[in-house]
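Given the structure of chain A, go ahead and fit chain B onto it with the hints provided.
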Amino acid sequence: MLEVADLNAWYGKSHVLRGVSFAVGGGEIVSLLGRNGVGRSTTVKAIMGEVHPEGLIRFKGEQIAGRPSYEIARRGLGYVPENREIFPTLTVRQNLLLGMKSTSPSGRWSIKEVFAMFPLLADRAEVPGGALSGGEQQLLSMCRTLMGDPDMVLIDEPTEGLAPKIVEQVGDLLREIASRGVAILLVEQKLNIALRISNRLYIMGQGQVVWEGTPESLKQANEVRAEWLEV
Amino acid sequence: MPEILVFATLNGLVTGLLLFMLASGLTLIFSMMGVLNFAHASFYMLGAYFAYSISLHFGYWTGLIFAPVIVGIIGALVERYGLRRVHQHGHVAELVFTFGLAFLIEEVVQFFWGPDTKNYQTPELLNFPLFTLFGQEFSAYRGFMLAISIGIFIGLYQVLTRSRVGLIIQAAITHPHMVANLGHNVPLIFTAVFGVGTALAGLAGVIAGPVLTTYPGMALVLGSIVFVVVVIGGLGSLPGALLASLLIGLLQSYAIAVDVGMPELLAVFGLEFPRDHPLDDLWTLNLTRIAPILPFLLLVLVLIFRPTGLMGKREQ
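Protein chains in written order, with my numbering: chain A, 4 to 234; chain B, 895 to 1210.
Isolated chain A (complex conformation) (with noise of 0.2 Å):
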């Protein structure tokens, strides 16, 4: 699905991603670790255009590293920001209606669905978005990327700062989001979310991957995490 090789990003002159390479095949959740600042938010963003990437970005077959974000959109690749980026001054149904590409509904995901599933965003349909809670911006933030009905998803840290019922809620929504045979690219820093969902994961560290294996494998790679995750 996503086959990304040698991928280089620069902000300003200091040189983040240097020569990143991984895969996540269709359907597949694989998760991006690593501790903050090693790179991980950067390779995504590079992923979508948002920052200027060097390399091989291939998706679904096609080289799309330096296309315009909206075309990348468009190809299928759904995209979930660290800082969830909710529409304030429009309604939660607004924000969800901006989700879709066209205006007629179509795919995987309905809003009526989205409500049927988070009876919360459904009572708040008509409030601005800015006036909901960091929790229910991440579920709409998601939701909203659904509504566009990618066949893969690039999350950024989606439970960062959330209380653990909302987690459990993301982490339900992740796994409904798999089922439907979306692939799905997690950047977590939580190691216990991320070793619970994923097929697969890669660590990074000083802007490259450093390590991938499964789940099970870094369980007993007990030198892997506390070289490359724990603090």
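Just so you know, these hints were derived from the structure itself, not from any lab.
Just so we're clear, the structure is a prediction, and the values are computed from it rather than from any experiment.
The reader is advised that the hints may include incorrect statements.
What the hints assert, rightly or not - If you anchor each label on the Cβ, the simulated ranges turn out as follows: (1) Ala-128/A / Ser-947/B: 51 to 59 Å; (2) Arg-979/B / Ala-26/A: 30 to 38 Å; (3) Pro-1201/B / Tyr-14/A: 26 to 34 Å.
To be verified - Simulated pairs of lysine to any residue, SDA-like, Cα-Cα distance not exceeding 20 Å: (4) Lys-222/A / Ile-196/A; (5) Lys-16/A / His-983/B; (6) Lys-1012/B / Leu-1106/B; (7) Lys-16/A / Gly-984/B; (8) Lys-193/A / Ala-224/A; (9) Lys-168/A / Leu-198/A; (10) Lys-104/A / Asn-1079/B; (11) Lys-104/A / Leu-1054/B; (12) Lys-193/A / Asp-175/A; (13) Lys-104/A / Gly-1060/B; (14) Lys-168/A / Phe-118/A; (15) Lys-104/A / Thr-1055/B; (16) Lys-104/A / Val-1059/B; (17) Lys-104/A / Arg-70/A; (18) Lys-104/A / Ile-1062/B; (19) Lys-104/A / His-1071/B; (20) Lys-115/A / Asp-126/A; (21) Lys-104/A / Ala-1086/B; (22) Lys-115/A / Arg-127/A; (23) Lys-63/A / Gly-79/A; (24) Lys-193/A / Lys-222/A; (25) Lys-115/A / Thr-94/A; (26) Lys-16/A / Gln-982/B; (27) Lys-104/A / Pro-1081/B; (28) Lys-104/A / Ser-1057/B; (29) Lys-16/A / Val-986/B; (30) Lys-168/A / Gly-138/A; (31) Lys-193/A / Asn-39/A; (32) Lys-104/A / Ile-1083/B; (33) Lys-104/A / His-1069/B; (34) Lys-168/A / Phe-121/A; (35) Lys-104/A / Pro-1070/B; (36) Lys-193/A / Glu-233/A; (37) Lys-104/A / Arg-1056/B; (38) Lys-104/A / Arg-1058/B.
C-beta atoms are modelled at their ideal positions from N, C-alpha and C, and glycine is treated no differently.
Same frame as chain A, now just chain B:
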């Protein structure tokens, strides 16, 4: 007194809504693209000149329709082939680009139309007093300006709040990257907003040209006030732009109409100064004379006490 109040209010509304036609485009362009378009008022001037030239051959009404369209197309081309390329080099380059464009347009206008004031006239059809109150006339043309401005305001409001494109524009004001990430063609929307914004500025020029005179300095005069409006209203806020436009329009209009000043103020305290006093200019100062600087005074006060403007949101 009541006649001063009625006419000053009406004239203030005419000026205020005219300012809003420019300020709305400027503030939308700024909040979506981060570009403070110094050339915005130049498009207003182009509107007036195009309409003047068209009116010479085909009459006022043809100019009213076609001049804003031509200005809008020029605006869209400037965004697509100028600003978008300059954008890659950062905001400072964009700022300098629009600054240069403003001078370029002024020179071009002088080159083709000359430095003199043009005899751009109100149409025959509207050369009559709309009503006479307390012996004073309110011209039909000013009523027409008011009607067009209100119509544009209602139209803009409807498009922005009711249509899908309006929702996308509203969303792009706060999070342009996210709108693109959801698959919307943001560059195209930028071009369209720039085109419509400059067309509105052009329309303002068409209807204001005959009243505020059509000459090469008109962009500079109105442009500085429009910037004041946008900053006072809060950069990026449409309701703020409306509020500030009306505020400045009415403020200037009342200041000119109400003839009070220092002599009256001093008289309250029983003070009077001889005419040959060295500070005579200060003691005889009246509101009408300081009317042109009131907007800038307000600008300074707002920046000191409320830097985000009346309705602006703090930048992240």
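For each hint, the structure was consulted:
no.	hint	in the structure
1	Ala-128/A / Ser-947/B: 51 to 59 Å	holds (52 Å)
2	Arg-979/B / Ala-26/A: 30 to 38 Å	holds (35 Å)
3	Pro-1201/B / Tyr-14/A: 26 to 34 Å	holds (29 Å)
4	Lys-222/A / Ile-196/A	holds (13 Å)
5	Lys-16/A / His-983/B	holds (15 Å)
6	Lys-1012/B / Leu-1106/B	holds (11 Å)
7	Lys-16/A / Gly-984/B	holds (15 Å)
8	Lys-193/A / Ala-224/A	holds (17 Å)
9	Lys-168/A / Leu-198/A	holds (18 Å)
10	Lys-104/A / Asn-1079/B	holds (10 Å)
11	Lys-104/A / Leu-1054/B	holds (18 Å)
12	Lys-193/A / Asp-175/A	holds (16 Å)
13	Lys-104/A / Gly-1060/B	holds (15 Å)
14	Lys-168/A / Phe-118/A	holds (18 Å)
15	Lys-104/A / Thr-1055/B	holds (19 Å)
16	Lys-104/A / Val-1059/B	holds (12 Å)
17	Lys-104/A / Arg-70/A	holds (18 Å)
18	Lys-104/A / Ile-1062/B	holds (11 Å)
19	Lys-104/A / His-1071/B	holds (15 Å)
20	Lys-115/A / Asp-126/A	holds (12 Å)
21	Lys-104/A / Ala-1086/B	holds (18 Å)
22	Lys-115/A / Arg-127/A	holds (13 Å)
23	Lys-63/A / Gly-79/A	holds (9 Å)
24	Lys-193/A / Lys-222/A	holds (14 Å)
25	Lys-115/A / Thr-94/A	holds (15 Å)
26	Lys-16/A / Gln-982/B	holds (16 Å)
27	Lys-104/A / Pro-1081/B	holds (16 Å)
28	Lys-104/A / Ser-1057/B	holds (15 Å)
29	Lys-16/A / Val-986/B	holds (19 Å)
30	Lys-168/A / Gly-138/A	holds (9 Å)
31	Lys-193/A / Asn-39/A	holds (12 Å)
32	Lys-104/A / Ile-1083/B	holds (14 Å)
33	Lys-104/A / His-1069/B	holds (17 Å)
34	Lys-168/A / Phe-121/A	holds (13 Å)
35	Lys-104/A / Pro-1070/B	holds (15 Å)
36	Lys-193/A / Glu-233/A	holds (10 Å)
37	Lys-104/A / Arg-1056/B	holds (17 Å)
38	Lys-104/A / Arg-1058/B	holds (11 Å)
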